[in-house]
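Undergrad: For reference, the chains in residue letters:
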Amino acid sequence: MRRIRWLVPALYIVFVLLPIYWLLNMSFKTTNEILGSFTLWPGHFTLENYRTILTDPTWYTGYLNSLAYVLMNTVISVTLALPAAYAFSRYRFMGDKHLFFWLLSNRMAPPAVFALPFFQLYSAIGLFDTHIAVALAHCLFNIPLAVWILEGFMSGVPKELDETAFVDGYPFWRFFIRIFIPTIAAGIGVAAFFCFMFSWVELLLAKTLTAVVAKPIAAVMTRTASTSGYELGLLAAAGALTIIPGAFVIYFVRNYIAKGFALGRV
Amino acid sequence: MSGRTPNQKAWFLVLPVVVLVAFNAVIPLMTVVNYSVQETFGDNQFFFEGVTWFEQILHSSRFHDALQRQLLFTAIVLAIEIPLGVAIALAMPRRGPWASTCLVLMAMPLLIPWNVVGAMWNIFALPDIGLLGYSLNALGFDYNFTRQPLSAWSTLIAMDVWHWTSLVVLLAYAGLSAIPNAFYEAAKIDGASAWAVFCYIQLPKMKRVLMIAVLLRFMDSFMIYTEAIVLTGGGPGNATSLLSIDLVKIALGQFDLGPAAAMSLIYFLIILLLSWIFYAVMTRDEPQ
Amino acid sequence: MARISLKNLRHSYGPDPAAESDWALKRFELTFEDGSANALLGPSGCGKTTLLNIISGLLRPSEGSVWFDDRDVTSLGPDARDIAQVFQFPVVYDTMSVYDNLAFPLRNRGVPADAVDRRVREIAGMLDLEDTLDRRASGLTADGKQKISLGRGLVRSDVNVIMFDEPLTVIDPQLKWRLRSKLKELHRRLGITMIYVTHDQTEALTFADRVIVMNEGVVVQAGTPVDLFERPQHTFVGHFIGSPGMNLLPATFDGGVARFAGHAVQTAIAPGMVPAGAQLQIGVRPEFVSFAGTGIPVDIEKVADAGRFRVVETRHGQFSIRLLVGEDMPLPSERACLRFDPTFTHLYADGWRLGERPG
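Keeping their order, the protein sequence lines are chains A, B and C. In this text, residue positions in the first sequence follow the numbering used here: the first is 1, and each later residue adds one. In this text, residue positions in the second sequence follow the numbering used here: the first is 1001, and each later residue adds one. In this text, residue positions in the third sequence follow the numbering used here: the first is 2001, and each later residue adds one.
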């Protein structure tokens, strides 16, 4: 019984890797080969698909655009969430419980509901088809998440730390930046990870708010699928490349994954 | 949240957040509410219509169908993902290099853009050239997710399980790691069976984590859009047109602002209501 | 009930211990008599929890064997040894009632329901838990939960030994003494062998008939509280036990007698063989130092009031010597002479008391 136990996660991991393997398989084949025959690995191994993507501006700007708004969003969300989380963690003020709950309720909002209104709103203020628009739009979901995570970590830091610093004469902002933030560095890492994650993967709003200039890679992929027929090989390669930033991020936080998911409050 | 000092100036600290979130939440919602009670003929002229759209939606069989499909989908997905995720977390070693390797590999689906998830499964499930599609057909099943509703549903569910079970695993694993060893030692001394350890130690101690997992999965599966639409486009026909898909069709496809807005509000309210019920049921006997 | 013997025991957490420092527990032999109350006392990291886990079966020793009466139990797990353990923080099954918690170990062993009921009520009575039997275990205070933990151990009538791993850590100070007296009372009543691990000397000295002092994996001394107080075998025991701890002064051995700063000091054991090159120290507790007409000249530095007595800190050259003086006794003003009671003054070589060495 003991031995069989690890079969469960092992089988699951095989299940997880299967579609990814298939994607990679296809990305190294030409579309003709894909449509022509069914093989478990490329008959004619080719890097043509990847070459196209990395050299064709329409493709690689897609990646750059996506990375741009994701990074923007992560920075904005975490930066704004920090003082807010501090306030929720350290102070009682009028309406604080209701405010906190209202913030969290935004996480429950279906993006589909906001698709059209966002389209109109951001067009109206002239931010349509910009990176910042997507970054700001994603703040709707990411800021509440960041505040929630950071507040959890901050509550784990005893108030005595703040009080000692104030007694020692630190002005608030100096204390915050020099003392407090390093203490909750793990929490900031977790919050940034989740913001990155949700912004990188969310695409309905990203597509709705962009057209040409700030087009994310997702839009490039779907456009390709519809206009130039089914360029499967190319599509597969494009998809495979989008996995890389994610794999990167996971690798960096691998030691904190289990701890981080504890979110300081689990 | 104890030991907090009253300080109204804290509002300055939360102001940027409030402004940004309100901008993104309040204005669009106001727009939606606005549209939901008005009729337009396209040239920027609006006529107050009261609750017409709401009535129309609530009586529309299209909406009911979409809602039913959505409820069915969410129920199935929760029923599979939560127990499966917990089982995997229980089966994993509690520490060591294998544990982090497993977690890293399992976390991969969570960081893949949702459209790529849909595209990946689309390619994977194609009847003639996809690994899954080809294999199923070779085994004798009549499988074509682009033409058969049952195949489409199965593939959609399989994709969601593939995509999100890892989240449950990670959360459950975190919850399990938080259980101090002393409990397992005491159980050994008390002669408890593995099943007893699960019922009386592990499950109760994972309660908070599981609650978060269930709520998150409930909300997100109820809002599913991108990966579903890339996989099936809502079809065949509208066999897999879940609520978000249907809503976007009406809003951005047909630009039927009134009905779309009304449906949006009803949708949002349904989620809020069900989430609140879930939350209330689960925290029923928590000592406050 | 059982007599527990540890033979030739040594334990290392690493795979290939080479140096002495790799061993968490250095080689020793120890016996706990049937029905005795013992304490394992020592600072953090001294190995007491390791030792406890070896006795309970949660840990298998690298070398040596564990015996319960005449049975070699080294290869048996904790459930087969019939032991009970109370941990640092309360371990209770939150979702069960107090009654079910206490009944759990019995039910797992297939004891019939009426026997279970009788036993649970009996133990609950002993621990003053009868009123809470139907309540959910999670609703009790920390000391209540610890009593449940203890109860789960007592409820099995065949339990060989009960082990306590710093059980009062999370208990409120005002309730600590109550739980402590309850433990002592239970021991007297039930006569089960008990082993109590702690770093708090008050707990150890008040609970146990026999205290085993450990430091850095070594069993330094095993004896009654009085023994430890009056005849510390090691300087560590001298300063760890007692508050304030023992005075330790560098000494020389000259002309057949120990000397501190040139002054002859009579010690309890006339030192026969003093090992050459050893670092010598004279140890005497403040309780056994007094002012006298002649003796070691000192300057009085500080007087601290400790209630019924005063701690006087004096200085001879660069060495400080403490003594205890009753609250009503007159104190000399600045300079005085000190006398060490010879019965309780000891000579230590490299930390170990001369004349006796632990086996």
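Some hints could be false.
Stated by the list, open to error - Pairs of lysine-lysine residues, derived as DSS-like cross-links and limited to a Cα-Cα distance of at most 27 Å, are as follows:
no., chain 1, residue 1, chain 2, residue 2
1, A, Lys207, B, Lys1249
2, B, Lys1188, A, Lys159
3, B, Lys1188, C, Lys2007
4, A, Lys97, B, Lys1249
5, B, Lys1249, A, Lys215
6, C, Lys2026, C, Lys2007
Source of the hints: derived by calculation from the structure; they are not laboratory data. Here the structure is a predicted model, which means the values were calculated and not measured.
Undergrad: The structure should be examined with respect to each hint, and the outcome stated for every one.
TA: How the hints compare with the structure:
1. Lys207/A - Lys1249/B: Judged against 27 Å, a Cα distance of about 15 Å means the pair holds.
2. Lys1188/B - Lys159/A: Since the Cα atoms of Lys1188/B and Lys159/A sit roughly 39 Å apart, the hinted pair is violated (cutoff 27 Å).
3. Lys1188/B - Lys2007/C: Holds: Lys1188/B and Lys2007/C sit about 25 Å apart, inside 27 Å.
4. Lys97/A - Lys1249/B: violated (37 Å)
5. Lys1249/B - Lys215/A: Answer holds: Lys1249/B to Lys215/A is near 21 Å, not above 27 Å.
6. Lys2026/C - Lys2007/C: Status holds; Cα separation ~12 Å.
Checked against the numbered hints given earlier, this structure breaks hints 2, 4; the rest are met.
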